[in-house]
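Number of protein chains: 6
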Amino acid sequence: MKNKNIYWVKFKSNELKSYIDDKTVVVIAVGSCEQHGFHLPLETDTTIGYRLIEEAALLAKEKVLILPPIWVGYSPHHMDFCGSITLRQATFSNFVLDICVSLDAHKIKNILIINSHGGNVGILRTVVDELGASHNIYPILVTYYNYFSEIIQKAQRSQKGGMGHAGELETSLQLYLSPDLVDTENLMGGIIEAKKYFQPGMFTNKRIHQYRPFSHYSDIGVIGEPRAALKSTGKELFQIMVQEFSYLFDDIANGLAN
Amino acid sequence: MKNKNIYWVKFKSNELKSYIDDKTVVVIAVGSCEQHGFHLPLETDTTIGYRLIEEAALLAKEKVLILPPIWVGYSPHHMDFCGSITLRQATFSNFVLDICVSLDAHKIKNILIINSHGGNVGILRTVVDELGASHNIYPILVTYYNYFSEIIQKAQRSQKGGMGHAGELETSLQLYLSPDLVDTENLMGGIIEAKKYFQPGMFTNKRIHQYRPFSHYSDIGVIGEPRAALKSTGKELFQIMVQEFSYLFDDIANGLAN
Amino acid sequence: MKNKNIYWVKFKSNELKSYIDDKTVVVIAVGSCEQHGFHLPLETDTTIGYRLIEEAALLAKEKVLILPPIWVGYSPHHMDFCGSITLRQATFSNFVLDICVSLDAHKIKNILIINSHGGNVGILRTVVDELGASHNIYPILVTYYNYFSEIIQKAQRSQKGGMGHAGELETSLQLYLSPDLVDTENLMGGIIEAKKYFQPGMFTNKRIHQYRPFSHYSDIGVIGEPRAALKSTGKELFQIMVQEFSYLFDDIANGLAN
Amino acid sequence: MKNKNIYWVKFKSNELKSYIDDKTVVVIAVGSCEQHGFHLPLETDTTIGYRLIEEAALLAKEKVLILPPIWVGYSPHHMDFCGSITLRQATFSNFVLDICVSLDAHKIKNILIINSHGGNVGILRTVVDELGASHNIYPILVTYYNYFSEIIQKAQRSQKGGMGHAGELETSLQLYLSPDLVDTENLMGGIIEAKKYFQPGMFTNKRIHQYRPFSHYSDIGVIGEPRAALKSTGKELFQIMVQEFSYLFDDIANGLAN
Amino acid sequence: MKNKNIYWVKFKSNELKSYIDDKTVVVIAVGSCEQHGFHLPLETDTTIGYRLIEEAALLAKEKVLILPPIWVGYSPHHMDFCGSITLRQATFSNFVLDICVSLDAHKIKNILIINSHGGNVGILRTVVDELGASHNIYPILVTYYNYFSEIIQKAQRSQKGGMGHAGELETSLQLYLSPDLVDTENLMGGIIEAKKYFQPGMFTNKRIHQYRPFSHYSDIGVIGEPRAALKSTGKELFQIMVQEFSYLFDDIANGLAN
Amino acid sequence: MKNKNIYWVKFKSNELKSYIDDKTVVVIAVGSCEQHGFHLPLETDTTIGYRLIEEAALLAKEKVLILPPIWVGYSPHHMDFCGSITLRQATFSNFVLDICVSLDAHKIKNILIINSHGGNVGILRTVVDELGASHNIYPILVTYYNYFSEIIQKAQRSQKGGMGHAGELETSLQLYLSPDLVDTENLMGGIIEAKKYFQPGMFTNKRIHQYRPFSHYSDIGVIGEPRAALKSTGKELFQIMVQEFSYLFDDIANGLAN
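For the protein sequence lines, the chains are A, B, C, D, E and F, in the order given.
Take the first sequence: its position 201, counted from the start at 1, is 201 in the numbering used here, and no numbers get skipped.
Each position in the second sequence, counted from 1, maps to that position plus 258 in the numbering used here.
Each position in the third sequence, counted from 1, maps to that position plus 516 in the numbering used here.
Each position in the fourth sequence, counted from 1, maps to that position plus 774 in the numbering used here.
Each position in the fifth sequence, counted from 1, maps to that position plus 1032 in the numbering used here.
Each position in the sixth sequence, counted from 1, maps to that position plus 1290 in the numbering used here.
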């Protein structure tokens, strides 16, 4: 199965035309370019999302094609930290929208957007709504850590709040995916104290939504506990998620996700 | 306490200037104008949200002011049904944004947006982010049925999925708030069968986000079980929510929601 | 006749579908939220416009439906005074435009926009033009004090210029419509001296158009003579305008306004 | 006086810098390119407006500079007739706005916009408001036939409604200004019957505003009575208007129009 | 041939409708209003472009119509110098686009845009692309000095770099076209030293593109050698270019430029 | 030197902050996702541009960082061919602009944009102009085949016009860079006959600019002669270009490109 071509951009035009059909699923990984503390690279979100869809596409039984990653998203709250790059909201939403419109022009019916950055969630939802409401294009949007929240939480070793930005989850995954890029000498961060209306971490109930520059929370840029991360956890979670995503891809191809 | 003026627009300009201070909370109810089946009026979302903040503002100990409701939101998925009115995404987000910018011009520090329509969630989140990122304005956004999800689910009589659009929850609340406008002879609807990736209802885990015109789900425009609604449930829930919101308003005034 | 339902948003979707026909007139009151001196509330424009269409709709023989008021308009020139809220031009025009497009989607042929704020005039005209030129939608636009300029001027007790912003006319109407909200102890203001190219007041010949922040004219926010206002004048004018608007509504329903 | 340079664009940069001061008035004629019946050229509005400011600038005592005319405006209602060119609303308003912003960058304090096309009125008003509200630039806007409505009506020979589009007024002026371009063999048109809510002509009370494509009114593209036009009337009116505009220009230079 | 009407705006609507056919070419001169040193007027680009198309249209055998010039373009880099006026990019591109869309509405198939300002090149190219890609309108874009680069360079007397902004070429042309507006006492300027990546002048190989305010290069606003200019060169070049453009116009009319 | 980190996104935030200084050059490769005939993959432009800057960055003596490639550009003219993806103009320009604005926020002074797609040229030029005019950011823009036109033309084996889209140049480069992705069994295409105003190929004098869908020129999507391509030419050209670009990068770092 490893030999199948899953990369849209590596096809020749006529070759692609012969390959795709009504069932073909095209997957877009949407990440970010933003600070992840002193120990993880700027590309962390993009790497996790893209590697997930790459492996899942190879594993899927049906024809699944992936686009190059959208490596920059909506990250104004990280701009106080060096290296972060952000798009404005309209730029970001139009970028995703135009790509989907182009795919639709080539009769792709099944578009799946896999997001790996929290800051992108609201905008991507508006893009999906707009595509449906004004263009009759119906992508499916998934944010990976929400999709796998049960699986991920089962693997959590740190306390509540330990899996926030650049915390246990992302560090574990990167220890497996990009070991050379993790600075294990600088695993700093910390769990932020919960307040009445603020619960740190990815899986806490967010009853209110507020915008805060990330420097409001942490000088280091980390919310969570990177010291709890394990390469073995990263490997295990990654493999489960790849397997599950391959099922999702096949289900979408077979019309089971409508 | 009933005598206090909670209506921003009923103040005279100089009178308002004397009244407001750094703690004052301004609350905006954002609803919709969209079909709610054969038994509930188009204004249902707006009524629920606005009545909640009206009563809670009266109950609050601190100075709380409310604006007239934003009675139309983002509802393209309901346009197949007569009476629904929708704004385009940019119109809607700019409308909310401009109001917040104006409030900020008068030194209002505490802005609270209470949303009562699912279709608005993504856009309102982008507005709050944009206000923070580009205008240094930091409103708090709450969607009432998410904020009160535990309380509401405890009161649920119908099966899972019974509290969807125009279902048990909204019908109960309207039986209490607008009894003359509920057509109890036409309590039609029904719980949609769950699928692998689709769970009906407000409180089910939405692992994937898709846009569908509402007519895709229901000819009547209802997802849920309005026949399970009770006026007594509506009253009880409404009173609890008012009480809780009044605490939230006071907490915001006292800087406890940051 | 008082029993007829004139409120679009209080209809159920299917009920509305049965009720409306090709003759049905939908009326939108467009007001503002802006300072009106020390004696009138921020909502003054909105109250006047909305109460006019509410009563006229009840009086009309034909089916007339009204939307909730657009309670905020274009008021940057009042932002120096506390409480004023303004939309940007594009936000305001798109808001009105989207509502009209939604009405058109439900086959409403007769849309009437009743404006009660001078600052809205230019923009509303461009909206009406754009709806016709690009959407084949043909609303009728009326600014009430221009529509009734002859009637109003006959009732004027103050000197020329006495009926400017928050002056004799608006104060008289509010003494009748919102007596509890008028601060009769603070009826301040004054007629501004005419200059070669500037004539104060609503009905003077405006040969040139200029933008000035309102604080340029008045520290109190009033141009005109509120002390000349009488509740009896307000009542009389209001009743005549209601009667005349009811005729206009019926004429529109019967195709006499084309 | 004929020798003074009134043309902004014919100055050298350094020469202009030495010439202008705080009093200098810059005048912009805004016209249209649209059908004017079978007898008048497309440029009619532009010609009238531009020739007026050209002669008035020469006559004025103070330093007055004119820009080349804006020869195309907002004319979608004329697009059914060959030759008409229209801008979209935003294009038109941004064009005027950008020019004013550029003038302001060179410290020009007195900007006067002379409009000669009805379709432009609403948009130009919004531009002037926006320049004031967002840019602290305060142009004066004049539509010539409104500014001179008394003078023009005194000269009217035709019945009420005879001075509509391409009617007595514009034909008289063009007989004087562009005699070779008036097709006196084809002076067709006619006064449209007044209806309850529609009064033809430039100076009738427009109680309601509606958009209609011009072909709705006339197959020829004329509302009014071109047969009543006289070259002598055109000459007389033009000369009075030039004289009066020169006074206006000087008054603006001397701060008398604020 | 001098008697033929080449001016679109001087036609009557019905007259134009009879005159134009599928072959008719409409030409638009796009210039600028920007400083041209101490010796040339602000209108220089516009004059050159417009006079070229005016004479060429008269000379052409086929039906060629010209629009009034677009006398302002994209010139932010000249705003440090008095008199320069600039449009924002979107204003400028929409202005040109709207005009082409209007021409297309009247079935004009052959649109030719003659540009005479370097700052406009990028934007005009995007406009032409957008018209083709989204409107099925296919104008031809020519920047005159590139079109005639061989001819012009043959006539060059100055060193390399002498034909930059307000240099030998433009001064020669204006000496012929607008002798009264050239200040021959102030022919200042100078050839800027070439650097590794910067070659001055119009016809040098621009390997890299950078934006610089013009004041970065020259206090006088000139790059090039106006002292090398000759009226005789201007005349000769102008006449050749007129002749060549008339051939181009005819070729376009006859479908030879596709 | 191979060990130096040239990838912006692989840095940790604090690590990057320590690494960059005033001289650091950030390079962005802008490509496309569009058909390249039957023999080259959709990613061809992106591959060439990105591989060039990757190798040149490694070779450069100064600190040079590269961003992930912008793998989609402006390609509406290729949308008739399967696989092509295009952005709208504003989406594309805002995407590039936002990235540059973010880099500027981190004090990067030297931004270099390397473009490898003809369709992007006009838009990228407007972006660079806008960044300079409105943001005081001054990137350098290079389109590689123009920058190296002399070197490339020397290596040309095919006739004039043989180096057009997917022709000799791109095929030679891809034979070297992506041999497995070139379908050497399907090297179809052909040189298009020159017409009076149309010269095929990258290096011919384009006197006029027109937009045409690519299917207008070729059913296969190729203009040029891929059969003339040689892997050895690709290798040689690539190595020279890498060397030259490394010099350019160093020169920019040392302030020699201003």
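Keep in mind the hints are simulated off the structure, nothing from the lab.
Please read these numbers as outputs of a predicted model, since none were measured by experiment.
Using N, Cα and C, we set each Cβ at its ideal position, and we do this for glycine too.
Treat the hints with care, as some may be off.
As the list claims (entries may be wrong) - To list a few chain D residues with every Cβ distance to chain C over 10 Å, as calculated:
#, residue
1, N788
2, Y793
3, L833
4, I914
5, S932
6, Y971
7, R981
8, R1001
9, F1012
10, V1016
11, D1025
Said to hold, decoys possible - What follows is a set of in silico ranges between Cβ atoms, one per label pair, in the way DEER data are often shown:
#, chain 1, residue 1, chain 2, residue 2, range
12, D, D957, C, A621, 40 to 50 Å
13, E, P1211, D, I1014, 54 to 64 Å
14, D, I925, C, K539, 37 to 47 Å
Structure-based check of each hint:
With a closest Cβ-Cβ approach of about 32 Å to chain C, N788(D) is found to remain outside the 10 Å limit, as its non-interface label requires. At roughly 26 Å from the closest C-beta of chain C, the C-beta of Y793(D) stays outside 10 Å, upholding its exclusion from the interface. No beta-carbon of chain C is positioned within 10 Å of the beta-carbon of L833(D); the least distance is around 18 Å. With a minimum CB-CB distance of about 5 Å to chain C, I914(D) fails to clear the 10 Å threshold, and the non-interface call is violated.
Distance check on S932(D): its Cβ is at least 23 Å (rounded) from any Cβ of chain C, clearing the 10 Å threshold; non-interface status holds. Residue-level check failed: Y971(D) sits 5 Å from the nearest beta carbon of chain C, not beyond 10 Å. For R981(D), the non-interface assignment is contradicted: its Cβ lies about 5 Å from the closest Cβ of chain C, within the 10 Å cut-off. Distance to chain C confirms R1001(D) as a non-interface residue, since its nearest Cβ pair spans about 27 Å, more than 10 Å.
Remark: the non-interface label on F1012(D) is consistent with the geometry, its nearest Cβ contact in chain C lying 18 Å away (cut-off 10 Å). The claim that V1016(D) is not at the interface with chain C holds, since no C-beta of that chain comes within 10 Å of its own (minimum 17 Å). Distance check on D1025(D): its Cβ comes as close as 7 Å (rounded) to a Cβ of chain C, failing to clear the 10 Å threshold; non-interface status is violated. At about 45 Å, the beta-carbon gap between D957(D) and A621(C) stays in the expected band of 40 to 50 Å.
Roughly 37 Å separates the CB atoms of P1211(E) and I1014(D), a value that falls outside the hinted 54 to 64 Å. Separated by about 44 Å at the C-beta atoms, I925(D) and K539(C) satisfy the suggested range of 37 to 47 Å.
In summary, the numbered hints that this structure violates are 4, 6, 7, 11 and 13.
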